[in-house]
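Visitor: Sequence:
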Amino acid sequence: MNPQTEENLKEYHLQKLVTELDSDSIEVACSTVLPTSKFQYTSVVCYIVKIIGWFWDLPILAKLIVLAVGFLIGFVILQAALKLIASVISMALLAGLVYLGYNFFVAGNSPQIKE
Numbered sequence: 001m002n003p004q005t006e007e008n009l010k011e012y013h014l015q016k017l018v019t020e021l022d023s024d025s026i027e028v029a030c031s032t033v034l035p036t037s038k039f040q041y042t043s044v045v046c047y048i049v050k051i052i053g054w055f056w057d058l059p060i061l062a063k064l065i066v067l068a069v070g071f072l073i074g075f076v077i078l079q080a081a082l083k084l085i086a087s088v089i090s091m092a093l094l095a096g097l098v099y100l101g102y103n104f105f106v107a108g109n110s111p112q113i114k115e
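Our numbering numbers the first residue of the sequence shown as 1 and each following residue consecutively.
Please keep in mind that the hints were generated in silico from the structure rather than gathered at the bench.
Any given hint could turn out to be false.
[What the hints assert, rightly or not] Below 20 Å or equal to it, Euclidean Cα-Cα: the simulated EDC-like pairs (lysine to aspartate or glutamate) are:
#, residue 1, residue 2
1, K50, E20
2, K16, E6
3, K10, E20
[Stated by the list, open to error] Distance windows between CB atoms, simulated:
#, residue 1, residue 2, range
4, I89, F55, 36 to 44 Å
5, S43, A80, 22 to 30 Å
6, Y47, Q79, 19 to 27 Å
7, I65, F105, 56 to 64 Å
8, Q15, I48, 25 to 33 Å
Each residue gets a CB set at the ideal place from its N, CA and C atoms; glycine is no exception.
Build the full structure now, drawing on both the sequences and the hints.
Guide: Listed below in structure tokens is the structure:
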């Protein structure tokens, strides 16, 4: 076999392996079998890596749309969480006022038992 042809063949195989590794790097990272942990962090990381890879493969306009929708969803979730926290604080204040009112009006007027 000609040394030039053999070198070209090796270079071709090397280039093919490099492109295959580049295209499959996300799947390879997520498909490796790791010892199972209590909280399964590896599966969460794999999903995040896949989502990031999917996002970078989108066209620019689609990236902008995904970012806008993600921002809106994040804002709605933040707003709901803040409303929930405000409701819990309001309920705690109301419970405190009811308790103070009970002690002042009802428990304060009851006859005291003296020994």
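Visitor: So, for every hint listed, does it hold in this structure?
Guide: Each hint, compared with the structure:
Restraint check for K50 and E20: the C-alpha separation of about 17 Å stays at or below 20 Å, so the hint holds. For the given pair, K16 sits about 15 Å from E6 by alpha-carbon distance, which is consistent with the 20 Å threshold. At roughly 15 Å between alpha-carbon atoms, K10 and E20 fall within 20 Å of each other, so this suggested pair holds. Separated by about 37 Å at the C-beta atoms, I89 and F55 satisfy the suggested range of 36 to 44 Å.
The given range of 22 to 30 Å is respected by S43 and A80, whose C-beta atoms sit roughly 27 Å from each other. Evaluation of the 19 to 27 Å hint for Y47 and Q79 yields a pass: the beta carbon distance comes to about 25 Å. About 59 Å separates the C-beta atoms of I65 and F105, a value consistent with the hinted range of 56 to 64 Å. At about 30 Å, the CB distance of Q15 to I48 agrees with the hint of 25 to 33 Å.
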